[in-house]
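> So you can see what is in the structure, the chains are spelled out below.
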Amino acid sequence: MTFTSSISVDTRDLSAADGLLILAGRALDKLKTGDVLEIVSDNASAQHDLPAWARLNAHRWLGTTSNDGRWRHRIEKGSALRVLTDRELDWGNRGPIKDGRFDTKHWLLGHAAQIRQTAEPSHGFAPRGASVEKGSPEFPFDVVDRNQAWSEGAAEFYEQATAGHWDGSRDIPWSQLRPLDEDLERAVCQLMTFLAENEFSALYVPAKWIARIHPHFAETVLFLATQVRDEARHIEVFVKRALANGGGLQFSSASTQASLKTLLDQEDFVQASFMLSVLGEGTFMDLLRYIETHAPDPATREIARRTRIDETRHVHFALDHIRSVLRSDSSCKAKLYRAIADRASVLSGMKGLNPLVEESLVILAAGGLSPERLPLGTKARIQLYETMHENRVRRLTAIGFADREAEELSQLHTPNFM
Amino acid sequence: MSDVIKVGVVAYDPKVVTIWEGIKEYFAARAIAMDFVLFSNYDAQVDALLDGWIDIAWNTNLAYIKVYRRTRGNCGVLAMRDVDVGFTTKIIAGTKTGIQSLRDLKGKRLALGSRDSGQAAILPVYFLKQSGVDPAKDMTTIRFDLDVGKHGDTGTSEVEVLNAVAAGEADAGAIGDQYWARALSENLVDNAKVRAVWTSPEYCHCNFTIRDKEDEPRFAQWTDALLTMDYNKPAERKILEMEGLKRWVSPQLDGYRVLFEAVDDLHFFN
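Quick mapping for you: the protein sequence lines, in order, are chains X and A. Numbering follows this note's numbering, with no gaps: position 284 of the first sequence is 303. Numbering follows this note's numbering, with no gaps: position 178 of the second sequence is 898.
In case anyone wonders, no lab produced these hints; they're calculated from the structure.
Restricting the straight-line Cα-Cα distance to at most 27 Å, the calculated cross-link-like pairs of lysine-lysine (DSS-like) are:
#1 A:LYS953 x X:LYS49
#2 A:LYS953 x X:LYS51
#3 A:LYS744 x X:LYS153
#4 X:LYS51 x A:LYS958
#5 A:LYS933 x A:LYS726
#6 A:LYS958 x X:LYS49
#7 X:LYS153 x A:LYS953
Pulled out of the complex, with its shape left as it was, chain A reads as follows (with noise of 0.2 Å):
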């Protein structure tokens, strides 16, 4: 076996191969060796990891998941982003719909995100119908399906769901956090329009997957350096900022308990 630890990721923009070159740079200063591999989905990229080809992905959480059943738990978890512990999903609705809570959706038009993504459309179908609403019966829903495969990690379904909400073409709509804080601050979003009705409860994102926990010491050094990275240091800034973080953290793995109990309510992998 090579001594170059091999590292999974999924190409869902050309930033990718930058962010990752960067990073590739970061461990080469720190004398650790490490190259990444792409790959154009996350199904492909779970292969792989199982298969023994790659070391490491980056998976969503979905993509974890995955990795978690064919594991049967065996798998491990080496770190993750900040941003992605505490996530959170939102309900967003026109500010001229009367929706004010969760109730309020019945009989209304409720747009989500791509079919894989967890948080605009697994997870708040989940936590709807845990909250008395189901939007297969109660509701009209309107999908975006883009980038399946990659998981709705890429935000492009996101997007759609803003603006089918601000456009009046659907009544409420879900998406992740983190999308919705962005658009917040570049202005993105008219809050005579849209806004924020609902909080999901907490989960995670996503991590750093590697096939058996008990591997966890052999990649010891390498989660220690990358979660020695500074935002507050020009270079690694620069990466921290194309990936959307401020500082990578230890993993915190309960926040995933309630993706593991939507997928199989919903029957995700049936």
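Just chain X, with the same shape it has in the complex (with noise of 0.2 Å):
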């Protein structure tokens, strides 16, 4: 009996287990049902071995015939699919590579650039743009919506996060620091207790989200990855500034505790960006540049200048975000409004700051307890909270809000910053 064979392999002296079968496997992926394969072989066990893995995966086996010397054996494709799945493969983009550099923004490259509206439960853990076998199972991702979970402007701020990252033991110029007032020492000493705490939640929060967020939104879940790194790192500098000038770690306040377990306990992901984010992180911007101005060394000044970068790129993150979820879901800025409203009720017996912090915001900026500067420390307080308001409703007004309710928002938002 003669075969017209589709195509022909020629594996040589190989052995089964040394490569002949993936051969002879991927030489078969290329064919159809019913199509024939020729492999030519100079190997005498592949007339033993051949057969058996051709019937193991339900090939039909045609025989062989051996006249120049070598071993011909022809098997013809079954219909078994070696992967379930019915979407063909992507093949043939090439990404925009400018300068030596592949830019996130530019991976929209064939299926990977469809972002669906709602994402596949069983594509689980695959990368948005493979061909997902069949019958893999379903993930519970609570957050599958794009309204929810794509920020157009995620990609750009993923690629600033990995360009800025620094490093909290080598960036920071501990060398120069030299003892200070007592008082003075405390007061930076509290602010940096407090911050550290503050960090914690601004990355426990993401990383709560990282987890529950369908990795087709791939761009949100490295975003955020990127700022569970960043707090890592403000937390390491905050601490070690406490540590690091013969003060220590001070007060954490129960009222301080209360405001920030309020935005771990948030079971949705919008609000949580919106409270820790645009509200907290932005409030935050405001403090560290305070922190900054007024340090009373060269390392409390490079700390508080480097976090706030990073913390800008956050809330610049949550504003993108937030914008294209209202974009998408107009009703969505009433939610967010009686979130903040739900919270303030929450923390309605919390009367203001942690009074030690609020203290030491007066001494930073006075350089001490000294009675003769104590009321200018006190004057650059008041006017950081004014700044804090102006800049959250500046925000607020920025991502759709009416000004009134971008002032009532401001005002309801926690006394404790984040």
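Join these two chains into a complex; the hints should help.
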């Protein structure tokens, strides 16, 4: 009997375990059911190995001939699919690389560029654009809607974040620390303690959401991962500053903990992002600028400067994210408003910022506890609160809240800053 | 008699329960009432089939032959796996032993699987005798009698045969081609140490046996549903993968003839 082979592959003296089966399998992948593959071989065991392998994989064994001193084996491809997917693979897209850079925002190629309205639970951890096998398990991600998870600017902010990473052990001028007046050092240590606890919440909140956002929205997840990394570094340098100059970590107040816990308790990604990053980290930008301005030493100044740059990126990402959300669902504005009002009522027992922190802000700006300079510090602190409020209102109107709503929301914001 | 079709299955591995829960669900979705009954060995399952406790037995070839003999050939077969057709035994040998044909086995050490394994013991001994080499006289045999009663269908004894040849504890060994192909695909074989030197004639392996072939129409709906299971559908693929097949096929009874001859020749049941 003679068969016309669709393709022929020369496997030389390869044995089954050394690659013959891979060559045969890859050749069959290119064929359709019913097509015939010819395998030319010089390996004596192939005549025993190939029929067993073909049968195991439900291909039809058509036999072996041998004339010119070589074996010619023939296999008819069966119908059992190796991978159960009906989507063609992308091929031939080339990423636009400019000046040696492949920017993340330019990876929107082929199927990877198709952002679904709702992500498929069974696509699980497969990168967007992969051809996912049917029968894959469904993953319990909560955030699966494009309206909630997608942000146009995430890829760009991710690029900025990876380029902006710094080293908390090396990039702060630790060696320039000199002993300070004890009251001033204590104020710095109290502020560092406060900053560190706030940044723990800013680490845990995105970390919680990373695990709940569908990987289809990879840009958002990757950006949040950089945010987690940033916050880790912030916690590191704030704690180090409290310990570096002969002081130590100071008080953590129940009211601060209560305020931060409401952020972690949020069960809606958009609301959590709005509260943490637009309102909380936005307010922190002004706080960090204040510390930078009044820092009594180069290390504290550099810490405040570097962390503020990172926080600014988080705020801009969140503004972009919330703007995207509101563009696709304007009713979300009312939900955000309600969420802030609800948080305010939960925290209604909270009279204001932890007084020890508030006083530390005054002492920092006054340069110590001297009666002559304290009024200056008090004035600076009052000015800080006004700046924080003005900037919150500005950000809220920028994402589409009316002036009056923005004013009210800013007033409702936690006195704890975050 | 209950309308529920009871299928006997030997529990050679915990996954058997998962497989058969899946198959039961598959039939339930087609409004066919089926349940499975687990046995610890084939002899008990054969007795249960003949006593009418179960309707269908998922049998190895050796268990099928037992039913055939005890029903004087009146039993019937409903279906088999694709891999049960065209089954062969491979003689594998250490590359440094110089063994290239069955004749070269004389004076050597041959590893065999469980004494009740069709592919790794009964048939290779028979085929060798047919070829003029008698394992009982012409060589030393090393037997791995593991999971006896489960008819070598567990593969554990074949694993030992392959290991013994690879380690040089045996010069050659007999294993089923399914385990051989799987071991080659899964990188369990070093071809520099072990390779296949001989392939036996084809024979058949497992099948769904019923007591009386006259009853086949009673199970027609069940058989038809079984034969339409599709490897290219996710839920069905899972079951088929665990049971080691791509599709169920109609019986090819000619493939059992050689095992009938072998058990007679070796006086296996005496």
